[in-house]
Structure formats: C-alpha cells, structure tokens
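Colleague: Based on these hints, arrange chains X and G with the ligands on the given structure of chain S.
Read off the chains here:
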Amino acid sequence: MLDGRGAIRRRAGARLWLSGGWLLLLVTVALFAPLVAPQDPLAQDLMSGRLPPFWSAQAEPGFWLGTDSLGRDVLSRVIWGARVALTVACIAGPLTALIGGALGLIAGFYRGWADRIISRLVDIWMAFPPVLFSILLIAVLGTGLTSIILAIVVIDWTRFARVVRAEAMNQGAMDYVAAAQVAGFSRLRTMTAEILPNVLPTLVALLSLEMGISVIVEAILSFVNLSLSTDAPTWGGMIAEGRTSIHQAWWVLAFPLVALFLTVLSFSQFGEGLKDRFDPVLR
Amino acid sequence: MSALLDIRNLSVALKGGPRLLRSVSLAVAAGEVRGLVGESGAGKSMIGKALLGILPRSVEVVDGQILLDGDDLLRLPPAERRRRIGQRAALIPQDPLTALNPAHRVGPQITDRLVDILRWPRARAEARALDLLAEVHIPDPGRVMKSYPHELSGGMRQRVLIASAFAAEPALIVADEPTTALDVTVQKQILRLIAEMQARHHTALLFVTHDLGVVSKVCQNLSVLYAGKVVEDTTVRDFFRAPGHPYSAALLAATPKYTDPDGSLTPVPEAVIAAVRAEVEAAETEWQHGRR
Amino acid sequence: MDDARPLIEVENLRLSLPDLAGKPLIGPAPKLEILKGLSFAIPRGAVLGIVGGSGSGKSTLGRALIRLLEPSGGAIRFDGQDITHLPEADLRPLRRRMQMIFQDPLSSLNPRRRVGGIIAGPLRLHGFDAIDRRVDAALDHVGLPRSFRGRYPHELSGGQRQRVGIARAIALRPDFILADEIVSGLDVSSQAQVLNLLEGLVADLGLTLAFISHDLSVIRRLCRNVLVLHRGEIAEHAPTAQVFAAPRAAYTRELLDAIPLPDPDQPWA
Ligand SMILES: Nc1ncnc2c1ncn2[C@@H]1O[C@H](COP(=O)(O)OP(=O)(O)OP(=O)(O)O)[C@@H](O)[C@H]1O
Ligand SMILES: Nc1ncnc2c1ncn2[C@@H]1O[C@H](COP(=O)(O)OP(=O)(O)OP(=O)(O)O)[C@@H](O)[C@H]1O
Ligand SMILES: [Mg+2]
Ligand SMILES: [Mg+2]
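Chains as they are written, first to last, in our numbering: chain S, 1 to 283; chain X, 1 to 292; chain G, 1 to 269.
Among the hints, erroneous ones may be present.
Stated by the list, open to error - Label-pair ranges, simulated between beta-carbon atoms:
| id | chain 1 | residue 1 | chain 2 | residue 2 | range |
| --- | --- | --- | --- | --- | --- |
| 1 | G | K31 | X | P18 | 51 to 61 Å |
| 2 | X | Q189 | G | A75 | 29 to 39 Å |
| 3 | S | D40 | X | P77 | 52 to 62 Å |
| 4 | G | N196 | X | D140 | 37 to 47 Å |
| 5 | S | D123 | X | D140 | 26 to 36 Å |
| 6 | X | P18 | G | E199 | 32 to 42 Å |
| 7 | X | R291 | S | F278 | 24 to 34 Å |
| 8 | G | E33 | S | L188 | 30 to 40 Å |
| 9 | X | Y148 | S | M126 | 19 to 29 Å |
| 10 | X | A134 | S | D123 | 37 to 47 Å |
To be verified - Residues of chain X placed beyond 10 Å of chain S at every Cβ, according to the derived structure:
| id | residue |
| --- | --- |
| 11 | R128 |
| 12 | P243 |
| 13 | P246 |
| 14 | P267 |
To be clear, the hints were calculated from the coordinates, so they are not data collected in a lab. Glycine residues also receive a C-beta, built at the ideal position from the N, C-alpha and C atoms.
Excised from the complex, chain S in its bound form (with noise of 0.2 Å):
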C-alpha cells in the first residue's frame, strides 16, 4: 500500500491480461478462420486491386483492411495467416522445449559422461549459424510447414538445453537435493519431482518467448519464400508481398506486420505475466 509494490503488481496484471487476450482473440480467429474471414484469402479481383482501410473513402464494404494488388482481402489473408504462425508456435514451441529442456535437465542434474556428451552436442550445434542452418535444412527437408516446425526444433533445442541446464546445476547446489537424497528418493524422481518445479518457471518464460520466436521464423521463412507455396496465405509472404508496394499501398504490408509485432510481443509478455502470477515463490 504504502511501498510502491501494488503498481508493480497491478501493471504485471495488466501485462498478462493484454497479452492473454491478443493470443487469445488470435487463437479464436485462427480456429475459426473459415467463418470469422470476411472473404476468401485466396480470391483474387483484379479489378479492386489495391483498396485502401475501411475509414478511408475510397474502401469497399466487406474488405475491412483493404485489398493487395490482386485484390485479395487482407483482413481475411491476415487471419489466415495467424492459422500458419500459431500452428508453428504451438507445435514448434513445445515440442523445442521438450526436447531441449529434457536434455538439459539431464545433463545439470546428473552431470558427469551425460552432461559431457550433452555439452559437447550444444558446442558443435552453436558452431553453425542459425539463420544458414534452417535454410539449409529447408533445402534438404524441402517446404512445407513440417519442415520448417523440424528446422525450428532442431535449431532451437540447444538454447533451452544450455539455459535449462544451468538452472539445473545452481539448483542441485541446493540442500533439498541432498534432503531428496537423504530420505531415500531414487534419482528420476527426484530430477522429476523436486528439481523440474523448480526449473519449471525458467522454462515457461523460455517457451513463450521461443513461440514467438517460431512465429518471427516462420515469417522470415515466408519472407524468403521458402515456406509454404507462394500464394497461401502467411504474414511473412505478406510482409514480402506488401514491400514491394508500400508507396500505393501501405495497409498490405502494415497490418500483417503489425499482427506479427503483436503476436510475438504478447507471446513474451504472456510468459513473464504467468511466472509472476503463478509463481508460489514470487508471490
């Protein structure tokens, strides 16, 4: 009351309320991307090419955020967009965490030959850069969204891993470990009963910032065209497409940029806000 901490709460509040609700409306209109979009992202008109926002006096009903140089709808190719980024974040997200998170917890809570070969696998793994690396595997892998939810697991794990592991490390510093140990718990349980609660936070902030790292990496994919087939609808090949006319038509490069910024902010934003809520230690 007196100390200052009610404001910091509440704005963490606030934090968590806003994202939450951008991911949520977004997951709502991807879900139901069918009947929420106003028009087919598919469907071109080259005869309303190019229509501008629906507060200016030149837009037409129906095409709420205007059309491309086709004359697709952006407000539907939007939407249908989020469909792609949220499919990758969700599915390339947790999936890295797993994976990445299982390894690194192996490797801080057991130590030894696992943490040797573990450590030595990330070394090698950071050796490459990523950006080369995903298209890399891309052109072995071929497009596709599978292939660009594998390119993100296999090139994102190691940050979990390294992170992961740490954490791991300072945790079995700790006496509860040797308590586990003293009451005669066997190892598995107790890396998965008394050191994974404890990592646990560190992994959410990490996921939710790697779902929206996937979706920036999706786009950037999209952006070079080697995502999913030219005309489907991704906010990355929009961002391209959008580039190209941004002096006659701004809106078709803005709004999907603006549904990516938002989207990755949230994302981020979202895993702090459930850290500091749901914490039991921060509280």
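Modeller: Same frame as chain S, now just chains X and G with the ligands:
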C-alpha cells in the same frame, strides 16, 4: 540527537490479513548497536526487510514511518528509496547459502556491488574484499574468492556475507543472526570487528540474535519483540540488571550458561507467555478500534 | 540385533573433494583432503557432540556418515554393515534409518513445495500409514502450528524453517539422526523444546544422535561424549564432563574461553 534510523509505529501485515508487526517503534543512532531479540517468528527479520524495502510480495506496510537520515523511506519514490538504501545500508541475511548465487564464484559477488553501484575501480574492490575476508578470519582468502558457494562451509559463507556487507562501509547494517554458523572463536573475532567499525566509521547496527551472551558483549540498547510487538526497549545494562518486562525476565532466566553444570533448559513459562500474549491481543484490539 | 556393537563405527575415514578454485584451465581439479583419517564410534542410544572451528570439516563428516558423500579411504559401518562405498541404490533401504537435519534451513527445503508435502513425502515413500496424523504430530513436536502445513518455506521465519527440517527427520522415526547446527537459529524457548524432544527420542526410542553445534552450553547439556575436530582431524574425543573440566587440546581451551557469557560486566578478553 536525531537518530540515523527511526522507525515509528510501523505496522506490516499480510495482504488482507493479520498484522505481523504491530506498531513497532525503534531508533538506532549513528554508531549505536541495537540488539533485537524475541522468539522465533516474532517478526525480527520482517523489521529488517521492511526497512530495506525487501518485504515479500504477500506482505505490505499498512502504517507507520521509517526515517533514514530524517527522510521517510516509505514516502520516497521507489527509485530514490532504493538508491538511498543502497548507499547507506547493508544487510547480512539470515540464510547464508540461499543469499549467495550458486552459479557464480564468491569473489565477484562481493566486489560487483562496489564496482557497479559505488563505481570503485575493480582492483580496489578486489583488494578490499581480500582484506575483509582476512579480517573475518577466513583462511586463504584468495582461494575463497575463487570458490563457488557450495564449496564453502556454513560459517565461511556467513563470513563472506558479513565481509560483503562491511565492504562499502555503510552507515547502517542490518545483521540478521549473523553469527549462527560461527564457532565462538570466530564469533568473537567478528564481534570485535563490529566494535572496531563502530569506533572507526561510526557504523550503526541493528543486530538480530537469539544469543543474549552476544547481546551483552556488543549491543548498547535492546528491543525485545513478542508477536510483532516491542514489549521492551531498554539499555543492555538495565536489561541484564533488571529486565523491565516479565517476558524479558523469563527470556533471561531461560538462557543457558555453559558454566552451569546442568545448564537449565526450561522454556519460558506458560504463564508468562499467556500474559504477554494477552497484552499483545489487547493492544491489537485497541489498534483496530482506532482504525475504525 | 547385536546391542553391544556401536551403531556407527568409523575407521580411519578420509575424504577428499575436488578443489574447483585451484583448477587449472585444462585438466582435472586438484583434490583437497578435508577429512584426514578419523576413527571413532557412536554407541546405540548415545549422543555424540561434534564441535570444532568453522571449516574444520564437521558438515563434511556428517555428510559422509549418512553417505551423501563417498569417502576416499577408511570405512564407515552402520549397524554392522559396511556402507563406505555402497552404491546409492543399495543405500536406499537404509535411508529411512539414518537422517540428517541440515545446517542451512532455507536451502534444505524445496521452495516450491508446501510444508505438509515436505514432511509427508519421505513418509509416503517409506510406506508409512496415517500420514496426515504423523505430519501433524511432527509439527506439534517441534512447536509449529498445524496450519503451517499449507505454507511455503519462504513464508516462514528462519527458526520456523529450521523446525520444519527437524520435523521432517523425526517423522521417519530413524535410528540415527545427524543434526547439523540445528538450534543456533532458535530462540532459547524453542531451543529448549527441540532439545527436550531429542532427549525424549533418545531416552524412549533409543535414537542415536550426532549433534554438531557451536553452542557449548547445549553440547554440555545434551551429549555424553564430545568429539573436537580441528582441520579435519580429531583434536579430542572424550566424555563431555572431562572436556569441560580439563580440556586437553589447546584448541578446546580456546573455544571455552571465547564463549560470551550473558552478562555485560563479565570481561571478555
Ligand atoms: N511471506 C509470508 N507469508 C506469510 N507469513 C509470513 C511470511 N513471511 C513471514 N511470515 C510470518 O511472519 C512472522 C515473522 O517472521 P520473521 O521472519 O520476521 O520472524 P523472525 O523474528 O525473524 O524469526 P526467526 O528468529 O525464526 O528468524 C512469522 O510468524 C512468519 O511465519
Ligand atoms: N564441495 C566442496 N568442494 C571443495 N571444498 C569443500 C566442499 N565442501 C566443503 N569444502 C571445504 O571443506 C572444509 C570443511 O567444510 P565443512 O562444511 O565440513 O566445515 P564445517 O566444520 O561444517 O564448518 P562450519 O562450522 O563453518 O559449518 C572447508 O574448508 C570447505 O571449504
Ligand atoms: Mg529471522
Ligand atoms: Mg557446517
């Protein structure tokens, strides 16, 4: 004489819950060592935390003032308050292991504060850390600087924290049971160091302890806390000569002396506890009346 | 069961740990010998006090006795069984019987578990019945309100945490407890309660206790024998009364002299 630290009617409560500190008032003048004793859970650490602005999130200050150098910390903007506290006060925390970061070597944990906040050159900070570790009787300080916290014994960790609190020569140190892990010979050395700091730099201490023997050697004044309420505020001399409150008297009587062959191990008598509890409850009711 | 045989026998115990501070850039860290050949025994139902300077190896000895650390030489026998190099899986059946109460209370409690779960976990593992009742009883024993079951460790005071650690260990009804500096963070009243509790367990249930403490008045009250450690070696191992009346080691003398008596007029050289 105006006090360095003046806590007035400080009340701290669980959010929407009962008070943990009940209108606590205590003052520490520059160069004074004030002891703070009381049973486990009485709220001794909570006073230190409130003063340093590190209360747990579930706990809030509901009333009162904390004057440091005459300014009410609770009314300062948070950034300014943190700056003041960082420059003027330091804490020796109660939990030595958890207070040190397990991932970093000990040396930087002492010097970083000096370098980053007080802008000392790194070499000077390191020399200072080495000196202090030697002064708290840590053998081979150079090695300890390079060790990780889990490689140190309990008492060594505690001394690292003591050294770290002393490093910047703060005006006020909140020492929360700083010698629990120390053997008596090292404890004696630390207490001597405190006396020296006090004489040389006019350092003031709020000294939380359970050991009345220690109180009698380093403190000039004493506050006795029970269930978040100060039941006695007196000079150490008077406390040992004639405790002013039945609870203080019982506390003193219950203290074992190693010179007694069968050192008494009687808890504070039930009757005394009941009386002091009733006193606290009466004060609580009155306070709640006043609030309404 | 052979009652005449000490519960714990230690022979020429040596223990080294890697010294990370002295680690060269490449290659393994050099070893640092922390326990340098200790021999002693703790009879059943006895209380052994372990004192010694800070960093003398008390906690390390304790961790070796309950095999959190593996000795590098010598032997430890628990109830006649050689446990010196027993692998963790074979130690597990013995774990209920030997418990440790840790020196650092906060770090020995899992920050994301409630007090109730912390005490109940080991009970459940070892197949105890009536776990709720046992948890309550353990909390009563150490003088904590039962409502603390729902609290997290960081919501307790230092002394309250320490008592949770004590409750966790005694709830298992072990044969041997290693108590590492467990009363220094307690006020005299809680201290008396915990010590009386331990004495009761020793007298009634035949608990064997190794009690590490800096507080010589507590040692004097509780322990029949005292072992004085100095730099990883035994400086003195004798009946308590004798150590207090006529300390043989110079180091013991020094310890006794440094105790602050609760009296402001008492000179303290
Ligand atoms: N986060 C919290 N939530 C609820 N209660 C708390 C919290 N932190 C502390 N308490 C309670 O506040 C009271 C005061 O705690 P404090 O740590 O100040 O005690 P203390 O006097 O330092 O005791 P000790 O000597 O055992 O360290 C205790 O009863 C404790 O249980
Ligand atoms: N994991 C470790 N690696 C390296 N050295 C260690 C390790 N653990 C302890 N030591 C060293 O072993 C020595 C003895 O430590 P120990 O914790 O047994 O002391 P102690 O007698 O319990 O002291 P205190 O009373 O301060 O708790 C210390 O010098 C310490 O630095
Ligand atoms: Mg405390
Ligand atoms: Mg120790």
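Colleague: Taking the hints in turn, state whether each one holds.
Modeller: So, going through the hints one by one against the coordinates:
no.: 1; hint: G:K31 <-> X:P18: 51 to 61 Å; result: holds (53 Å)
no.: 2; hint: X:Q189 <-> G:A75: 29 to 39 Å; result: holds (37 Å)
no.: 3; hint: S:D40 <-> X:P77: 52 to 62 Å; result: holds (56 Å)
no.: 4; hint: G:N196 <-> X:D140: 37 to 47 Å; result: holds (41 Å)
no.: 5; hint: S:D123 <-> X:D140: 26 to 36 Å; result: holds (33 Å)
no.: 6; hint: X:P18 <-> G:E199: 32 to 42 Å; result: holds (34 Å)
no.: 7; hint: X:R291 <-> S:F278: 24 to 34 Å; result: holds (32 Å)
no.: 8; hint: G:E33 <-> S:L188: 30 to 40 Å; result: holds (33 Å)
no.: 9; hint: X:Y148 <-> S:M126: 19 to 29 Å; result: holds (24 Å)
no.: 10; hint: X:A134 <-> S:D123: 37 to 47 Å; result: holds (39 Å)
no.: 11; hint: R128; result: holds (27 Å)
no.: 12; hint: P243; result: holds (34 Å)
no.: 13; hint: P246; result: holds (34 Å)
no.: 14; hint: P267; result: holds (28 Å)
Violation of the numbered hints given earlier is absent; every hint is satisfied by the structure.
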